[in-house]
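*Asks:* Next come the chains, spelled out residue by residue.
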Amino acid sequence: MPEQQQTQYEPKIVAFLCKWCSSAGSDLAGVSRIQYPANATPITVMCSGSVSPQYILSAFRKGADGVLVSGCHIGDCHYLEGNYFARRKLYLVNELLQFIGVEPERFRMSWVSAAEGTKYSKIVRDFVEDLRPLGPQDKLKAQRP
Amino acid sequence: MINPQDLRTRARDLLAKGEVRAVIGYRRGSRGMAAEPVVITRPDDANSLVWDPTCVHNLALYLVEDCKQFAKVHQHPEKPIAIVAKGCDARAIVVLLQENYFKREDVYIIGVSCETVGVLDERKLAHHPAGVDLERLESAAFAGDDFVFTTASGEQRLSAREVMADRCLECRNPFPKTNNVVFGEEKARTLAAPFAALVRFEKETSTQPVRWSFWNHQFERCIRCFACRSVCPMCYCDECVVDSIAFAVMPDTTAEEKANRVRWIERSASRSDNIGYHMTRALHLAGRCIDCGECERVCPVHIPLRLLNTKLERDAREKFGYEPGASVEIASFVSSFRDDDPNDFIR
Chain A
59 MPEQQQTQYE PKIVAFLCKW CSSAGSDLAG VSRIQYPANA TPITVMCSGS
109 VSPQYILSAF RKGADGVLVS GCHIGDCHYL EGNYFARRKL YLVNELLQFI
159 GVEPERFRMS WVSAAEGTKY SKIVRDFVED LRPLGPQDKL KAQRP
Chain B
6 MINPQDLRTR ARDLLAKGEV RAVIGYRRGS RGMAAEPVVI TRPDDANSLV
56 WDPTCVHNLA LYLVEDCKQF AKVHQHPEKP IAIVAKGCDA RAIVVLLQEN
106 YFKREDVYII GVSCETVGVL DERKLAHHPA GVDLERLESA AFAGDDFVFT
156 TASGEQRLSA REVMADRCLE CRNPFPKTNN VVFGEEKART LAAPFAALVR
206 FEKETSTQPV RWSFWNHQFE RCIRCFACRS VCPMCYCDEC VVDSIAFAVM
256 PDTTAEEKAN RVRWIERSAS RSDNIGYHMT RALHLAGRCI DCGECERVCP
306 VHIPLRLLNT KLERDAREKF GYEPGASVEI ASFVSSFRDD DPNDFIR
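In order, the protein sequence lines correspond to chains A and B.
Just so you know, we're using the working numbering here: the first sequence kicks off at 59 and counts up by one.
Just so you know, we're using the working numbering here: the second sequence kicks off at 6 and counts up by one.
None of the hints are false.
Residues of chain B placed beyond 12 Å of chain A at every Cβ, according to the derived structure:
1) Thr-14
2) Lys-84
3) Glu-127
4) His-132
5) Arg-141
6) Leu-142
7) Ala-148
8) Ala-157
9) Gln-161
10) Glu-167
11) Asn-178
12) Val-186
13) Pro-256
14) Val-333
Calculated pairs, DMTMM-like style, for lysine to aspartate or glutamate (alpha carbon to alpha carbon, straight line, at most 25 Å):
15) B/Lys-108 with B/Glu-24
16) B/Lys-208 with A/Glu-161
17) A/Lys-177 with B/Asp-349
Partial list, derived from the structure: chain B residues whose beta carbon lies under 7 Å from chain A:
18) Met-284
19) Leu-288
20) Ile-351
Don't read these hints as lab results, they were simulated from the structure.
Idealized CB from N, CA, C, for every residue including glycine.
When you get a sec, could you build the whole thing from the sequences and use the hints?
*Replies:* Here it is in structure tokens:
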């Protein structure tokens with residue numbers, strides 16, 4: 059049924075990946091030829107701790123259906139403690155988004171190391187599957203054209 | 006019970022002896038019984054100071070303003086400034102000290118204990134079944150667990166619990182622990198329900214769509230007057246990340262810099278921009294908001310802003326064991342971490 063496939067809604071994901079682990083992990087998924095949905099737009103940041111809540115809100119405001127923040131596993135941060143700060147800060151963002159009634163599936167955080175290409179592909183696949191039934195995100199999206 | 010005369014005497018002495026350069030306090034305002042903030046510099050003016058249930062303002066804001074004025078002319082004050090501080094105001098000062106906004110010796114804290122009550126919520130008083138005529142009220146006074154309102158025709162006594170501000174009903178520390186001198190006693194208060202407004206809200210809007218329709222309605226009404234930001238003692242930045250107009254323009258700021266400044270949020274008061282503004286403000290206040298409730302009080306469209314702040318305050322307390330304004334010594338909330346911070350929301 060090609061018609062149905064064409065009209066299937068594809069969620070847009072903005073993925074903030076830390077340079078040292080998750081970005082390398084997504085690279086590994088690529089060079090390992092692991093098949094996973096192409097819905098995630100990766101944005102490499104220096105550290106998950108550098109992801110300001112402002113980035114996440116801004117992504118939603120510009121129409122992202124989901125936002126993923128991914129960094130090194132706890133204890134493996136290139137800057138020693140950046141991901142600890144990220145964890146605390148983004149916990150609050152997650153809580154606040156749910157508090158105002160944004161679907162909890164829209165924001166996701168993960169730890170992906172440079173060796174976990176498979177895990178990264180699974181996280182994106184799961185994210186897309188969870189977002190698809192929700193439909194387009196229009197709560198935080200700017201109403202302007 | 007605090008005798009306002011003690012407060013006046015102390016303020017006069019401090020000024021007369023030259024220990025402080027000014028006293029920030031409350032005086033009788035020009036609108037009915039309501040008190041208004043005042044800065045006095047002459048000992049004789051100390052007689053105008055008042056302490057009653059209408060002293061709702063968080064005066065820590067004026068410490069910040071004072072600091073900014075000195076910073077502008079690159080000077081440091083020679084003498085401290087005195088401030089009349091309730092429990093919540095003192096916590097605000099502690100947070101500012103924690104962030105090194107000013108030094109402890111630059112401020113002389115005249116603590117006032119709210120004892121078993123708190124301050125008045127005028128909106129509650131206006132809707133009180135006893136039919137209080139706000140226009141004709143002349144003064145309000147503490148009387149144990151009651152407030153006594155004086156009108157031209159006589160006195161009216163109301164239970165404080167019925168007309169107290171919500172945040173006072175939920176307050177854990179109505180006593181300024183950090184102080185140079187304190188009036189009133191530290192009385193134990195057992196709270197029936199901390200975070201009562203938040204708990205009530207969560208019960209009423211337990212599902213995600215209901216909660217969204219509530220906040221959607223609130224955020225659509227926001228006119229972005231920035232009153233909540235202006236009144237907040239914690240919002241002291243010269244440049245505000247969510248307000249593209251609050252951009253520090255120096256003599257050497259070029260037209261390009263002005264044109265190319267980052268606009269995280271547009272000026273228009275549309276829903277998505279309003280959400281961006283309020284979410285960012287709430288996150289910037291996480292672990293810093295001491296729940297003085299000023300943002301909610303000044304909101305011209307009555308957005309329940311305390312809900313956002315108390316939500317994060319509760320998370321900080323329950324999930325991270327952090328209490329804002331508890332001590333100058335501890336590291337601030339978002340610049341510290343623990344190994345056992347919540348991790349189960351991460352995949």
